[in-house]
Amino acid sequence: MQQSQTRKKLYIAGGVGIVGILILVSVFHKQPAKPTITIAATPLSATVSINGKRGVVGTNIVQSGSIEIVVSHKGFATQTRIATVQRNATNYAGFILASNSQATANWYSEHSADQQASSSIASKQSDISATESIQNVPIIQILPYLGPGLEYRVDYGVNPSPTAVQTPAIYINALTPKARADALHWIKSRGYDLATMKIVFTSDPTTL
Amino acid sequence: MVRLIIILTPLVLLSIGGVAMWQHYVVDKIVTLRAAAGTSITLGKPFGPGNNAGVLGDTILQTNSQAKIRLSPGSYILVFSGADYAAQTQKITVSSNNLTLSTPSLNYSAQKLDSLLADEKPAIQTVVSGINSLSGYTTSYESLYGAGDWYAAKLAPPDPTTQDVLRVVLHKENGVWQVAATPTLILYSGDYKSIPVAVVRDIDNS
Chain A
1 MQQSQTRKKL YIAGGVGIVG ILILVSVFHK QPAKPTITIA ATPLSATVSI NGKRGVVGTN
61 IVQSGSIEIV VSHKGFATQT RIATVQRNAT NYAGFILASN SQATANWYSE HSADQQASSS
121 IASKQSDISA TESIQNVPII QILPYLGPGL EYRVDYGVNP SPTAVQTPAI YINALTPKAR
181 ADALHWIKSR GYDLATMKIV FTSDPTTL
Chain B
1001 MVRLIIILTP LVLLSIGGVA MWQHYVVDKI VTLRAAAGTS ITLGKPFGPG NNAGVLGDTI
1061 LQTNSQAKIR LSPGSYILVF SGADYAAQTQ KITVSSNNLT LSTPSLNYSA QKLDSLLADE
1121 KPAIQTVVSG INSLSGYTTS YESLYGAGDW YAAKLAPPDP TTQDVLRVVL HKENGVWQVA
1181 ATPTLILYSG DYKSIPVAVV RDIDNS
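Residue numbers (the numbering used here), protein chains in the order written: chain A, 1 to 208; chain B, 1001 to 1206.
In isolation and in its complexed conformation, chain A is listed as follows (with noise of 0.2 Å):
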């Protein structure tokens, strides 16, 4: 009787173990992370609209994929910029509005904080630039190369395709059709793919 008594207790003890390891284990189960994206923008006191609905400057909780941010401030152009947010990724978007009335047009000059703001926002966009077009064009980072005696040049510079402005170009300075030849058979060489990469061609002897 007693034995059995016991192992009842045993049971029920089991029991409220299981079911409170059950309550921990949700409690403390690490939901993931929503994805995020961070809004800068001057004048600090715009509007910012994510998908029609409204968002803050600053941190934004949002869904991955594809957002449209509308930044406003009265006295300044409208921006509106589609953006790709990832999950477990840092997203962010740097706005700097410009002035469209005569109310505005020395509001920068004028508000030191958003003067500041702004250089930090140019300088954050200029750095996300260029890592993007090092992942596009992965050349770049070896450049610019002189071919042996000078016979060629390349080098990067703006993409004059108009699907393809944000892709930096490759520049083939050379003067002669076996300098080109070799140029692009060093870009070969180094194991770049040649149809990913818009290359111009210039013949400017001074630049050489």
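Be aware that one or more of the hints could be misleading.
[Claimed, not checked] Covered stretches of chain A (in silico footprint by chain B; criterion: 3 or more residues with CB under 8 Å from a CB of chain B, positions within the stretch not fixed):
{"#": "1", "segment": "139–146"}
{"#": "2", "segment": "190–197"}
[What the hints assert, rightly or not] Now the in silico label distances, taken between C-beta atoms and shown as ranges:
{"#": "3", "chain 1": "A", "residue 1": "Ser66", "chain 2": "B", "residue 2": "Gly1074", "range": "56 to 64 Å"}
{"#": "4", "chain 1": "A", "residue 1": "Ser119", "chain 2": "B", "residue 2": "Ser1075", "range": "27 to 35 Å"}
{"#": "5", "chain 1": "B", "residue 1": "Ile1016", "chain 2": "A", "residue 2": "Gln86", "range": "40 to 48 Å"}
{"#": "6", "chain 1": "A", "residue 1": "Lys34", "chain 2": "B", "residue 2": "Trp1022", "range": "31 to 39 Å"}
{"#": "7", "chain 1": "A", "residue 1": "Gly58", "chain 2": "B", "residue 2": "Ala1198", "range": "40 to 48 Å"}
{"#": "8", "chain 1": "B", "residue 1": "Thr1100", "chain 2": "A", "residue 2": "Arg81", "range": "38 to 46 Å"}
{"#": "9", "chain 1": "A", "residue 1": "Thr202", "chain 2": "B", "residue 2": "Asn1174", "range": "51 to 59 Å"}
Simulated from the structure, these hints should not be mistaken for lab results. Just so it is clear, the structure is predicted and the values come from calculations on it, not from any experiment. Cβ coordinates follow ideal geometry from the N, Cα and C atoms, glycine included.
Following the hints, complete the assembly by docking chain B onto the known chain A.
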């Protein structure tokens, strides 16, 4: 005790049978394979750890017509192939629905494309020689691609000291060869989105 075993044994067997039936008819899904004429479909498990390699491992089924099979949820590899075609691999995931898979549009094999090129050459040559800027140029490399409807060539100039090597791409539409990329030193796939990247890559890097 014996009576208990006699009662429990059929129950256990029924339970095992029930689970097996549930697995077969509820969890497993019907996958229908439809191979186009002259092609076959091979279905198998992915090769290698992680099941992400996209390489066929053990073959489960092969058909050159139509076949149905019940598969448990998971990843599988399909290989579409044929005597005249380049094999194409596709990874599929069986989950909550039945699937029907047919042979996609396959690219011809290199051998088939070579034999087609011999037949198509006169028509292609007529188009290429009609391009004004190519007077005196000779073909140094050429190939057909895909279903034999893309052609690209590398053209050597008559005077390499003053003229560049050029690349040209033609596409066959409604049975007629047309210039898809006019002669140029190098092609950028971003500028020629209608041309398959494989064609641009091959002719640029040839």
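Legend entry - Outcome for the supplied range 56 to 64 Å, where the beta carbon pair is Ser66 of chain A and Gly1074 of chain B: violated (31 Å)
Legend entry - 8 Å C-beta criterion, at least three residues: is the segment 139–146 of chain A covered by chain B: violated (count 0)
Inset, instruction - State whether the coverage of the segment 190–197 of chain A by chain B holds or is violated, taking the criterion as 3 or more residues with Cβ-Cβ distances under 8 Å. - result: holds (count 5)
Inset, instruction - Determine whether the Cβ-Cβ distance between Ser119 of chain A and Ser1075 of chain B falls within the hinted range of 27 to 35 Å. - result: Distance hint for Ser119 of chain A, Ser1075 of chain B is violated at roughly 50 Å.
Legend entry - Beta-carbon spacing of Lys34 of chain A to Trp1022 of chain B - inside the hinted bounds 31 to 39 Å or not: holds (37 Å)
Inset, instruction - Just tell me: holds or violated, for the beta carbon distance of Gly58 of chain A and Ala1198 of chain B against 40 to 48 Å? - result: holds (46 Å)
Inset, instruction - Could you check the hint for me, namely that Ile1016 of chain B and Gln86 of chain A are 40 to 48 Å apart, CB to CB? - result: holds (46 Å)
Inset, instruction - Please test the hint of 38 to 46 Å on the beta carbon pair from Thr1100 of chain B and Arg81 of chain A. - result: At 42 Å between Cβs, range holds.
Inset, instruction - Take the C-beta atom of Thr202 of chain A and the C-beta atom of Asn1174 of chain B, compute their distance, and say whether it sits inside 51 to 59 Å. - result: violated (40 Å)
Against the hints set out earlier in the document, violations occur for numbers 1, 3, 4, 9.
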